[in-house]
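Those protein sequences? They're chains Z and B, same order as listed. Note that the numbering used here gives residue 225 to position 225 of the first sequence, counting from 1, and the numbers run on in steps of one. Note that the numbering used here gives residue 281 to position 281 of the second sequence, counting from 1, and the numbers run on in steps of one.
Since the hints were derived computationally from the structure, they do not count as laboratory data. Certain hints may be false.
What the hints assert, rightly or not - Label pairs and their calculated CB-CB ranges:
{"no.": "1", "chain 1": "Z", "residue 1": "Gln21", "chain 2": "B", "residue 2": "Leu39", "range": "55 to 61 Å"}
{"no.": "2", "chain 1": "B", "residue 1": "Trp359", "chain 2": "Z", "residue 2": "Lys143", "range": "25 to 31 Å"}
{"no.": "3", "chain 1": "Z", "residue 1": "Lys143", "chain 2": "B", "residue 2": "Gly46", "range": "18 to 24 Å"}
{"no.": "4", "chain 1": "B", "residue 1": "Pro158", "chain 2": "Z", "residue 2": "Ser150", "range": "55 to 61 Å"}
{"no.": "5", "chain 1": "Z", "residue 1": "Leu71", "chain 2": "B", "residue 2": "Trp359", "range": "20 to 26 Å"}
{"no.": "6", "chain 1": "B", "residue 1": "Ile179", "chain 2": "Z", "residue 2": "Ser39", "range": "50 to 56 Å"}
All C-beta atoms in this analysis are idealised placements derived from N, C-alpha and C, irrespective of residue type, glycine included.
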Amino acid sequence: MGVGIEVTNLNAWYGTNHTLQDINLNIPANHATALIGPSGCGKSTFVRCLNRMHETNPIARVTGTVRIGDLDIYNDCKPVEIRRRVGMVFQRPNPFPTMSIYDNVAAGLKLNGYSNHHVLDEIVERSLKNSALWDEVKDDLKKKSGASLSGGQQQRLCIARALAVDPEVLLMDEPASALDPVSTSKIEDLIFQLKSQYTIVIVTHNMQQAARVAEKTGFFLNGRMVEFDSTHKIFTNPSDKRTEDYITGRFG
Amino acid sequence: MTEIRISQTQVLSEAGNPPGQGPANGAQPEASAIRTFLLSRGNSAGADRVFQWLMVLCALTIFGIVALIAMQLVYGSQLSWHKFGFSFFAWPAGFTFASIFKAVLDPNAAQPNYWDPVNGHFSALPFIYGTLVSSFLALLMAVPLAIGVAVFLTEMCPGALRAPLAFITELLAAIPSVIYGLWAVFVLVPLMREQVNPFLNKTLGWTGFFSDDNPTGLGFFSAGVILAIMILPIISSLTREVMLAVPHSQREAVLALGATRWEMIRVGVLRNARIGIVGAIILGLGRALGETMAVTMVIGNSIEIHRSLLSNGNTMASVIANQFSEASDNMHLSALVELGLALFVVTIVVNALAQLLVWAVTRGAPARAS
């Protein structure tokens, strides 16, 4: 089951560029939360702060508090530990090209020394079923490389890889922006199914996508969070003028 | 030509349309002047064709040189080839596989006369052996070190140190091999003679591979060490190149699964770059196989095959360098050229293979870029 995320006074920098300013936000457990906003508004930086990927860039810096469940991720633990509990799916599918489909899914577990083959088989099957890829790949799990799949399949493989370690939170950074419409709709269906079991945070520049999959939506602009509310309210009756301008297409 | 262009620019700037008026004022004399000028240049088709053939000729020079070398080597080795055939690359006349095997294993047994210019018997066996042994010793020492250097430079090195370190590593490749040889003779060989060889003899002497207490400090092992130093920059700079070609998204994918830095390097970088790294190693091997000067200076130049890596030996390249100037007999000369031909073919094949592998990782295989 997922856990909630509590963000307090989060600030982030890239070099001298203050990309996130005073973000305060409560992301509910076992729901999908969408983050929208124009390019460069800081929404990707924000999700990368939730699993401490932001700081892998040597010039990046973060201050503030992020609590995932009971864990203060910037003070209570190392980045490695939090990334085992928070899965991430990136904008461009990035399966491991030298590994089979099976090994791609099992990569997170094998990396951490898990080697019970029966359990691995089960987890791989369950993860691929959860990511709606099982039927398409079950016959050549160990024969085909992860890179031999189509773009949409690769992205679902990446979702399966993230799900295999049974994360409490699943972060998705524009997971469908590099995909065709059919693959996009498959990914959206998937998010719809997964959100009962995981806390999902999805970054998207596609407002329809946010409206379709998320209960809560946050609107980012110039490094600040302008508004955070139920998706329905954001898209029908936003309280901030800038949100209204953005969702009605006046900019962005 | 330049003058015309300048004057037209002037015309253009003086008579250009005032802003806001648009192009609707009909006559545009300056534009048509430019058009006339451009049209009057013709299509230069003749010059283009000459240029094209000139470049084709330049490119063909390369193939021409390679072909000429190959032809000369084949032609020069005819005499030896007709006399010895494939036995040139096997054991000499009058010896069996078993007797040679015994001579290799037993340091007290009489060594066969593999290379006998006086009686006209030639066998490439000791040189093939020496080339392979010294090259593989070099790889054994250089590969872990080179990969370590590459990993440090690409993944761990602080930014300010990266460029100077990479620069120095690549400078190592620019040092002429005779300088390496000199350094080896004055520094490495005494060190081997006084410290390393006695130590190896004492600790690993029982294996037979380090049994020969060579009083000179020369030999296969010293040659291997100097070769390792020489091929280190090639392997590490190419390994660095293929590691840099691994997309950043692969590193992020592994990190996001909760990998430590070492796991990220192993799974996200080295695993993806492994074909290119193999290419880099083979390229290093290619250089080690053909390296002449430094090896000739430290390998000891004895035409024998011993099990001990501390004993003196000879490589295909070093025997050519040593004997070519004094080979007066036609058969002797031809045998040396045949050695050269064999070395030529082997290094060309090895290098081609290596380039292909490196190329497959750094430029080809677009699927990896995802």
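Verification of the supplied hints:
1. Z:Gln21 with B:Leu39: 55 to 61 Å: Given a distance of about 59 Å, which is inside 55 to 61 Å, the answer is holds.
2. B:Trp359 with Z:Lys143: 25 to 31 Å: Check passed, 27 Å falls within 25 to 31 Å.
3. Z:Lys143 with B:Gly46: 18 to 24 Å: violated, 57 Å
4. B:Pro158 with Z:Ser150: 55 to 61 Å: violated, 41 Å
5. Z:Leu71 with B:Trp359: 20 to 26 Å: Taking Cβ atoms as reference, Z:Leu71 and B:Trp359 lie about 47 Å apart, which means the hint is violated.
6. B:Ile179 with Z:Ser39: 50 to 56 Å: holds, 55 Å
Violated hints for the displayed structure, listed by number in ascending order: 3, 4, 5.
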